Amino acid sequence: MLLEENKLLAPLTTFQIGGPARWFATARTEEEVVEAVEWARKRGVALFVLGGGSNLLVSDAGYEGLVLRIGLSGVEANGSQGQIVYRVGAGEDWDCFVSRAVNDKCAGIECLAGIPGTVGGTPVQNVGAYGQEVATAIDLVRAFDLKQERFVDFTSSECSFAYRRSRFNTTDRDRFVVTRVDYRLATGGAPTLRYAELQRAFSEGARPTLKDVSAMVRQIRRSKGMLIEEGLAEYRSAGSFFKNPTVSEEQVARIESESGKLPPRFPARTEPEDAGCVKVPAAWLIEQAGFAKGFAMGAAGVSTLHTLALVNRGGATAHDILALADRIRSSVEVRFGIRLEIEPVLVGF
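Each residue of the sequence shown is one higher than the last, beginning at 940 in our numbering.
Warning: the hint list may mix true and false statements.
Derived lysine-lysine pairs resembling DSBU-like cross-links, with alpha carbons at most 35 Å apart [stated by the list, open to error]: (1) Lys1232 x Lys1200; (2) Lys1150 x Lys1163; (3) Lys1218 x Lys1044; (4) Lys1232 x Lys1218; (5) Lys1200 x Lys1182; (6) Lys1086 x Lys1182; (7) Lys1232 x Lys1182; (8) Lys1163 x Lys1182; (9) Lys1182 x Lys1044; (10) Lys1218 x Lys1150; (11) Lys981 x Lys1086; (12) Lys1200 x Lys1163; (13) Lys1163 x Lys1232; (14) Lys1232 x Lys1150; (15) Lys946 x Lys1182; (16) Lys1086 x Lys946; (17) Lys981 x Lys946; (18) Lys1163 x Lys1218; (19) Lys1044 x Lys1150; (20) Lys946 x Lys1163; (21) Lys1044 x Lys1163; (22) Lys1200 x Lys1218; (23) Lys1150 x Lys1182; (24) Lys1218 x Lys1182.
Derived from the structure by calculation, the hints contain no laboratory data. Since the model is a prediction, treat every value here as computed from it, not as a measurement.
Start from the sequences, fold in the hints, and give me the full structure.
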């Protein structure tokens, strides 16, 4: 396995921001994952696992440790009784896998089309959009346990999935290196049309196919600057920078009182702590706090296409992005009493 020194990380992220990694390697097999972990441990070097670079912000100073990019590839499909289980290497491009499943007429992830990144990152954050989450499709997650130094397999129920959460980014953060994810999808299944915006995109009575739905999702994402495309400033971002907050009915009343408008709301997850609560779009709160699409602070700005995305307009630093994020969070908190939670992973801070 090739070890590189002082590898610039900015080109490996969708933000196009970040300093160098002191050490850098790409693991293409599970054996190379073990090799890299052992190399870092023997030298007392910190380890960060990099996937597609789509959901993180790297410090301007970079990372003083080993950045291990996961490059395990391969897709195997095994079907029985109306279902297909895909065994997918963690380094596979997520959107390419979605296209493969849709072309195979397998339902369960068609609404997750156009999301940048790699397969290995999907269970970590429980990736979700437009009425679907990977939690409902994941059958098994295989990972290397850095604590016990062995490979382990987790069923979906063992992953502790919740809204944008799993055991891999909460109770067991930084403990596991995901190397493979298995997805159980329904052959010939109907597409999911649960999300209101997606429903409105089709005429009443229409019966869209899986391909129709995945294509429409990409179209909607493109219109919001959430589809990564080369050469456009609006796409130098990490997608949604803030999570939609879960709020109580009392907080909804405060929001309405402060803004003079009843905020859009949708059901919260059925977690015990969310009883009686709803979710409010973070984008709506941001706009009501005075940050319109296109708002700029130097080279950092709010996307002209979607308020939830912070963008690098060219030459922005990580410091610039966080300064803008802090200003937005403070304004929302002062006005509505809600502290927005940052969604991307912060690396090297």
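Hints and how they fare:
1. Lys1232 x Lys1200: holds, 19 Å
2. Lys1150 x Lys1163: holds, 20 Å
3. Lys1218 x Lys1044: Roughly 32 Å separates the two Cα atoms, so the pair holds.
4. Lys1232 x Lys1218: Satisfied, since the Cα-Cα distance of roughly 21 Å is no more than 35 Å.
5. Lys1200 x Lys1182: Distance of about 21 Å is within 35 Å: holds.
6. Lys1086 x Lys1182: holds, 30 Å
7. Lys1232 x Lys1182: With a Cα-Cα distance of about 17 Å, the restraint between lysine 1232 and lysine 1182 holds, given a limit of 35 Å.
8. Lys1163 x Lys1182: With a Cα-Cα distance of about 16 Å, the restraint between lysine 1163 and lysine 1182 holds, given a limit of 35 Å.
9. Lys1182 x Lys1044: Given pair lysine 1182, lysine 1044 holds - Cα atoms ~31 Å apart, limit 35 Å.
10. Lys1218 x Lys1150: holds, 29 Å
11. Lys981 x Lys1086: Holds: lysine 981 and lysine 1086 sit about 14 Å apart, inside 35 Å.
12. Lys1200 x Lys1163: holds, 23 Å
13. Lys1163 x Lys1232: holds, 10 Å
14. Lys1232 x Lys1150: holds, 31 Å
15. Lys946 x Lys1182: At roughly 31 Å apart (the allowed maximum being 35 Å), lysine 1182 and lysine 946 satisfy the hint.
16. Lys1086 x Lys946: holds, 27 Å
17. Lys981 x Lys946: Since the Cα atoms of lysine 981 and lysine 946 sit roughly 21 Å apart, the hinted pair holds (cutoff 35 Å).
18. Lys1163 x Lys1218: holds, 20 Å
19. Lys1044 x Lys1150: holds, 8 Å
20. Lys946 x Lys1163: holds, 32 Å
21. Lys1044 x Lys1163: holds, 27 Å
22. Lys1200 x Lys1218: With Cα atoms ~16 Å apart, lysine 1200 and lysine 1218 stay inside 35 Å; holds.
23. Lys1150 x Lys1182: Holds. Lysine 1150 to lysine 1182 sits at ~28 Å (cutoff 35 Å).
24. Lys1218 x Lys1182: Between lysine 1218 and lysine 1182 the Cα gap is close to 10 Å, so the pair holds against 35 Å.
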